[in-house]
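*Asks:* Make a model of the complete structure from these sequences and hints.
Spelled out from the first residue to the last, the chains are:
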Amino acid sequence: MAAPEFKIPEYREFPTVPALVPGAMAHSKPYIANEKVQEGIGLPAKLADDWQVTHDKAIGKFGELLGKYRSLKVFMDSCVHCGSCTDKCHYFIGTGDPKNMPVARQDLMRSVYRRYFTLPGKLFPKLVGARDLTKDVLDEWFSYFWQCSECRRCSVFCPYGIDTAEVTMAARHILDSVGYGQKYSNEILAKVNKIGNNLGLPGPALEDTLLGLEEDVKEETGVDVRYPLDVKGAEVLLVTPSADFFAEPHIESLIGYGKVFHAAGISWTLSSYASEAGNFGLFNGDYNMMRKVAMRIREQALELGVKRIVVGECGHAWRVAYAFWNTLIGLGNNGNDPYSVELQKQLDPRYKEPSHICEFTWDLIQQGRLKFDKEANDSRIITFHDSCNVARGSRMGDYPGGQFEIPRNIIKAVANKFVDMPSATIRETTFCCGGGGGVLTDDLIELRVKGAFPRMEALQHVVENNGVNFMATICAICKAQFSKVLPYYGFNMRLVGGVHQLVSTAIRLGDEQ
Amino acid sequence: MTLFFAILFYLAFVIFTVGLGYKIYDFARTPAPLSIPTTPAPTTTAGVTFRMAREVILFESLFKGNLWIWLFGWMFHMGLFLVLVRHLRYFVDPVWGWLAFIQPFGKYAGFMMAAGLAGLWARRFLVERIRYISTPSDHLMLAMLLGIGLTGLSMSFLSHTDIISVKAFFLGLMAFDIQPLPAHPALFIHLSLVALLMIIFPFSKLLHAPGVFFSPTRNQADNPREVRHLAPWAAQIEKS
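If you're matching them up, the sequences are chains A and B in order.
The first sequence begins at 1 in our numbering and counts up one residue at a time.
The second sequence begins at 1 in our numbering and counts up one residue at a time.
Please keep in mind that the hints were generated in silico from the structure rather than gathered at the bench.
A hint or two may mislead.
[Claimed, not checked] Quick list of in silico lysine to any residue cross-link-like pairs, SDA-like style, CA-CA up to 25 Å:
(1) LYS64/B <-> ALA424/A
(2) LYS46/A <-> GLU252/A
(3) LYS23/B <-> THR118/A
(4) LYS64/B <-> PRO120/A
(5) LYS167/B <-> GLY147/B
[Unchecked claim] Partial pick of chain B residues on the chain A-facing surface, computed with a CB cut under 8 Å:
(6) LEU34
(7) GLY73
(8) TRP74
(9) ARG86
(10) SER137
[Claimed, not checked] Stretch-level coverage of chain B by chain A, calculated; a stretch enters the list once three of its residues show a Cβ under 8 Å from a Cβ in chain A:
(11) 3-11
(12) 18-29
(13) 123-136
(14) 204-213
(15) 218-225
(16) 228-235
If you're wondering where the values come from, they're calculated on a predicted model, not measured in any experiment.
All C-beta atoms in this analysis are idealised placements derived from N, C-alpha and C, irrespective of residue type, glycine included.
*Replies:* Structure representation (structure tokens):
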């Protein structure tokens with residue numbers, strides 16, 4: 001690892017709020033999407049040469065979104081600048097840049113809203129902090145709305161429930177619509193639309209990978225665990241983030257899913273056409289894009305005739321699947337319109353559709369259909385990192401908060417040593433890994449390292465006091481982000497892994513059931 | 001002066017009710033195309049009602065966020081609420097029994113309101129982060145509210161005005177029969193600021209009052225797997 005060109009935050013003796021360092025992250029900008037990428041996903045190639053054209057287009061889009069999204073409209077109007085959110089963002093804590101305070105980030109957009117869409121902003125802009133949309137303002141949006149991971153932590157503490165993620169999504173949507181896209185996210189959207197997954201792995205490559213996995217597992221366990229692809233008539237379609245197919249430690253969880261299906265004797269399949277659970281359409285706030293990406297899963301579910309749909313370990317993917325699939329592609333339960341009935345009469349109504357792999361595994365554990373050698377995990381002292389989109393944008397099981405209990409229950413069922421990080425840093429107040437929401441790219445490495453600071457601090461606490469040597473999580477982005485930034489804080493990159501990696505270690509294969 | 005205040009209050013009343021009514025209509029007609037409650041969230045409508053009640057009455061999220069802001073904010077709002085209820089007596093005749101009963105509470109709630117406002121205002125100067133996000137209008141809004149509170153308190157405890165005539169004035173306004181308003185400097189300031197506040201209400205951050213009820217992260221039940229949330233504009237996409 002080359003020495004970083006920026007200062008890594010130092011652990012605090014007491015969790016004091018950092019002093020403001022105006023402009024500390026003003027230089028942070030992701031690469032801009034090139035014309036080919038933009039056009040490939042149906043967006044304007046680049047900013048218009050005439051600023052007035054861009055200005056009018058941006059304001060026009062802003063107005064359109066205000067009419068389409070109640071969240072945006074209410075959030076633009078409701079903030080009273082109380083300050084409750086100001087010290088809650090991991091990027092603010094890690095950088096001290098005041099524009100990374102959630103309210104200040106929102107105000108980058110709210111100032112423009114007040115100028116163009118409210119009477120006082122039109123009459124007395126200075127008084128209410130309103131400003132014209134200029135190229136500088138748009139550049140500032142591009143910088144700071146790509147310093148938000150849409151983790152929703154601020155929304156927990158807002159007395160009006162203002163969710164900066166919604167504001168960030170709207171801002172990015174406007175930027176996209178004037179040809180000012182972000183390279184990383186838009187390239188990924190191009191790949192998933194063309195090939196079926198964010199990494200651009202074509203079907204034959206997936207097939208090779210899965211065959212290789214079968215050989216590895218056979219060698220290691222002596223059991224023929226299958227990793228099937230495109231099997232018609234399988235009971236379960238598993239949709240998982242494509243990182244699970246080859247990245248470390250992601251692949252360990254994929255191995256685990258396969259072992260769970262094997263041990264429970266449930267037929268399943270992956271799909272090459274719908275080989276991606278992730279949905280970057282969410283990050284850009286683009287409903288149509290999000291729907292288009294999700295549509296591949298609907299089509300495959302119908303094509304393969306599966307009865308159940310299960311989603312692998314991925315945070316934002318689970319939010320999209322759990323909270324949006326029913327709306328976007330009619331994949332849920334109790335549909336009563338022709339569009340959703342078409343799919344839902346095929347799916348098995350006894351199960352939640354879609355189910356999270358943790359819900360799936362936990363159900364089996366409760367039914368006694370899985371057996372474990374917990375001692376196999378005894379070399380690990382485990383903690384659990386709640387991923388933001390799972391924690392604050394979704395649920396598992398039948399009761400609010402199931403998304404916190406079920407993964408922990410699984411860990412405790414497959415391992416003996418578990419300890420939680422400090423309570424202010426987990427569950428609904430969990431800190432983002434620092435790489436979510438479309439910023440998991442090397443051109444934003446400074447942001448990612450600094451944004452990981454609050455989580456690293458909490459991790460350090462349990463490493464020091466409890467000897468933790470394994471941080472389990474259920475998000476592909478968290479896993480990739482931590483693998484990259486852990487070394488900056490002096491940790492081993494292998495400290496992070498998946499919940500089903502732990503399951504994989506302890507599960508008994510064979511005929512115990 | 002009587003005529004000035006009569007016109008001012010008719011104007012303020014119309015702007016307040018029409019403006020606020022329009023904003024509420026505007027919030028209500030704008031669709032929420034996706035299910036976005038901040039989870040963990042209640043799964044039923046009854047649960048959502050309870051969550052909203054905790055939010056509106058106890059300021060639950062603010063309590064989680066910052067104890068000082070919660071303390072001052074809650075003191076101010078609860079004080080204001082009692083004071084407003086107490087002021088109903090200027091608009092009904094005869095005064096209802098329970099309204100007469102709460103008068104002393106409302107009277108002293110004025111102190112709580114002013115203290116809360118002072119605390120909130122102090123934070124805008126003393127806390128670096130909040131100083132950074134404060135705009136001139138944030139200060140003016142607090143100044144106006146504090147001005148209303150202090151002039152009100154001064155009329156309750158220092159220099160009384162002829163409240164019988166004040167009541168006659170407002171009952172008269174409601175019956176389009178304008179009665180003389182007593183000449184009293186604190187009363188003039190008090191009423192001017194109240195009217196001004198009513199006028200700016202529909203155009204300002206005071207919209208947080210109706211806004212909280214329309215906030216999708218708080219008013220939606222967590223049931224997306226069971227219920228399809230399809231906005232009209234999104235349904236159009238399905239048809240194309």
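*Asks:* What hints, given by number in increasing order, does this structure fail?
*Replies:* Structure breaks hints 2, 4, 8, 9, 11.
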